[in-house]
Amino acid sequence: MITSIRRILIGQKVIPICTIILGILFIITMLAPLIAPNDPIAVNLAYKLQPPSWEFPLGTDHLGRCNLSRLLFGGRISLGFAMLIFISSLTIGLIIGTFSGYKGGWVDQVLMRFCDGVMAFPSLILILGLVGIFGPGLQQVILALMLVQWVYYARMFRGMVLSLKEQNFIAAAKISGSSQWKIIKNHIIPNVLPPLVVMGTLEMGWAIMDISAMSFLGLGVQPPTPEWGAMIHEGKSYIRTNPELMLYPGLMIMLVIVTFNLLGEALSERYGVKRRS
Amino acid sequence: MGTFIIKRIMSIIPVFLLAALLTTGMIHLSPVDPAEAYLTAAHIEPTDEILAQKRHEFGLDQPFFMQYVNTIKKICQLDFGISYVSNKPVWDEVIHRIPATLQLALGSLFLAVLVSVPLGFFAGVKKNSAIDHFSRLLSFFGASIPSFWLGYILIFFFSVKMDLFPVEGIGTWQHLVLPSVTLALPLIAMYTRLLRTSILENLQEPYVLFARTRGIKEKTIMAKHILRIAISPMITGLGMNLGKLLTGTIIVETVFSWPGFGRYFIEAIFNRDIPIIQCYVLVAASLFILSNLMVDLIQMYIDPRISRKEGQQR
Amino acid sequence: MLGTEQSNVLQVRDLHVQVKTKNGATTLVEDINFELKRGEVLGLVGESGCGKTVTSMSILQLLNRKTTTIEGSIELLGRELNGLGKKEMREIRGKDIAFIMQNPMNAFTPVFTIGHQFIETIRSHTKWNKKQATELAIEAMHHVNLPDPVNLLKQYPFQLSGGMLQRVMIAIAACLHPAVIIADEPTTALDVNNQKKVLYHLDKIRSEYGSAILLISHDLGVISEMADEVAVMQNGRIVEKADVFQLFDQPQHEYTKKLLNARSKLHLDEPVIHLA
Chain A
1 MITSIRRILI GQKVIPICTI ILGILFIITM LAPLIAPNDP IAVNLAYKLQ PPSWEFPLGT
61 DHLGRCNLSR LLFGGRISLG FAMLIFISSL TIGLIIGTFS GYKGGWVDQV LMRFCDGVMA
121 FPSLILILGL VGIFGPGLQQ VILALMLVQW VYYARMFRGM VLSLKEQNFI AAAKISGSSQ
181 WKIIKNHIIP NVLPPLVVMG TLEMGWAIMD ISAMSFLGLG VQPPTPEWGA MIHEGKSYIR
241 TNPELMLYPG LMIMLVIVTF NLLGEALSER YGVKRRS
Chain B
1 MGTFIIKRIM SIIPVFLLAA LLTTGMIHLS PVDPAEAYLT AAHIEPTDEI LAQKRHEFGL
61 DQPFFMQYVN TIKKICQLDF GISYVSNKPV WDEVIHRIPA TLQLALGSLF LAVLVSVPLG
121 FFAGVKKNSA IDHFSRLLSF FGASIPSFWL GYILIFFFSV KMDLFPVEGI GTWQHLVLPS
181 VTLALPLIAM YTRLLRTSIL ENLQEPYVLF ARTRGIKEKT IMAKHILRIA ISPMITGLGM
241 NLGKLLTGTI IVETVFSWPG FGRYFIEAIF NRDIPIIQCY VLVAASLFIL SNLMVDLIQM
301 YIDPRISRKE GQQR
Chain C
1 MLGTEQSNVL QVRDLHVQVK TKNGATTLVE DINFELKRGE VLGLVGESGC GKTVTSMSIL
61 QLLNRKTTTI EGSIELLGRE LNGLGKKEMR EIRGKDIAFI MQNPMNAFTP VFTIGHQFIE
121 TIRSHTKWNK KQATELAIEA MHHVNLPDPV NLLKQYPFQL SGGMLQRVMI AIAACLHPAV
181 IIADEPTTAL DVNNQKKVLY HLDKIRSEYG SAILLISHDL GVISEMADEV AVMQNGRIVE
241 KADVFQLFDQ PQHEYTKKLL NARSKLHLDE PVIHLA
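Chains as they are written, first to last, in the working numbering: chain A, 1 to 277; chain B, 1 to 314; chain C, 1 to 276.
FYI, nobody ran anything at the bench for these hints, they're computed from the structure.
Glycine included, each C-beta is placed from N, C-alpha and C at the ideal position.
Not one of these hints is a red herring.
Looking from chain C toward chain B, a few residues come up when the C-beta cut is under 10 Å (computed):
| no. | residue |
| --- | --- |
| 1 | Glu91 |
| 2 | Ile92 |
| 3 | Gly94 |
| 4 | Lys95 |
| 5 | Ile97 |
| 6 | Asn106 |
| 7 | Ala107 |
| 8 | Thr109 |
| 9 | Phe112 |
| 10 | Glu120 |
| 11 | His125 |
| 12 | Pro157 |
All chains should be modelled from the sequences, with the hints used to inform the complete structure.
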């Protein structure tokens, strides 16, 4: 039985299934303001710690707030900002990486040594250090994450630029008179896309893990804003009586990270891309 | 061999200088004036006079380069300044808390190696067996589960429901179990996978065939020949991921109220206790560099090719 | 008839090896028949992929039991090897049948000394202690003219040259006086000088201990120098089998003729070792 589960998982179906799951999650969390049953920050102590009901489909927390709504809005923050971090660190990495690869020489060496240093050092400690300087808060955490993540993309893009410089088909395309834009479209992008997508999915998973970890520690999102990590932090006092306060947000985090990781692995196997461990 | 060690230790120095530079710079990057933060924490009204005096005390009115040099001098004397919060020397506070973190870290590392080596070994040797599938599942979920959540799940089942282990705090070996497991799981996930891959690769190598043709027992080939070579990437991985261990202690200590350096670091961030933050980052960087060195040394011992080649290159 | 069969050290009859693939079963070798007599060298010639290695691996019973099926008879001194239990087969490998690999540089385990691996082999088949095994190893190394065996045993494989490693392999193969030695392309990875040495020592072992040698090679020069009988393989079958002089002077099969013609034409008249 396990073998057949493996076969399904490793088969072609993984990628579409994961993408669909993530797509659904993105959509419902982004639509949170429209579909959430209640206001996620409305406090009403009278309804404190209630079991699931029609009004509160997943029950309420210790301040009488709707769990489901908080989950949805929390997802909006986690996923939304993970997206933001991905796009911005990608952009920074793209600019610096291509510049470094193009320039070469000592500029390249210095930049890459710097990136190596940052990559080698445990990221959470760097982020915490940065948050320590900037102070606690969601914006600071996002900024810190961006500052740490761009190096991975920079290295990747720089490597690509270097190998593309060597490749013959660029020269051949130039000789045959293709316009610059065509070269980019037909030659560069198909080479760039697979590793980028693989790295992106895995990095998104990490970003969500980091955002929720920081919020859990109390350093990211500040109350009363809902966020999965923060919800776990708040729910921990009720572990004996109402463990579901911690269970739901944790499950969501896991669901998202597992899906991203599965997708990333399947993609990297499919397109033969190396992952950073 | 000796030259190698010396050379490596020498290479630590530039990194160290860089870390000191960053530390000095951190103060300036912070939107908060350290003198002001200190005074506020000490509940002293920061008038301009007192502020200027404090800044002079902290050496903040000196040129940047002088500050940098001072920082280095102080670090060499293990003088990291005074905690804003407790008013005691940072180093004393840190030393007081490091043993707890060490205990947790070593316990987890021990557990991780204890589980990963046999698990990874048998997963590789008996590919596609039940053990193999189990290890791959474990590797996958172990890497995906957030450790703070895992900690609470374990607490819920083993402390609250089954009352086997205490919920938090430090003291007996029972206190060590759940935190160690929480910290060890992501490590196990990684090392098991590394070892398994390495073993699978080695199974294809010619030396395995040659050993078989010589009539060596299969068990000996697996346990002695292959394992000794295959374990090398895992050890490299161990060294490179000491960072994960360090990061993990921060979270695990918070979840289990473990009185270690990691939890103290988080408190310092909340309190804007900058000297502590600086100290932590420096200590983390140093530990990191040292552990890489240790890993290299172990590698040299296990695989004689590396040490001889290093020697020959000089 | 009976007398001839009794002096056969190794006898392979109707060997047929198949491997299971997604689409069914593919035949790797079939209708393989040959004998090895005491002190005799049988050369197995053919291009890459013709089934030489599969044949030798079948004799050693080292093919993947889950994916390959071996039919036919492989008799060593009258004992059937095909289907023999794992434990019994392991005892035979290294002691009654020895194997010399093609590339000596990666045949040895990199993290153990030569001595460790040599003694390990000896002690896997005997009850001797370390000291006795070491003495035997040193003696075997002397036999193949390896200088300073005591120190050589303490070296790691990467510290030795290809030629020396190959001779160590020969020493290991010969030290327990096996009935059969299978040498799979023993000269291919070596330069001319070392090739000569290797062949010389193999010949010495053959004459001193009476071991039969199955010499696998694609190099016709090596075959013509060493072999008593030659079997030519193509696409998993033996297409011609004859006495060495007869094969080289009057080849019967088209493929054999093609192989002989493919050698360098310059040295046709001289009995010199060619590098194929």
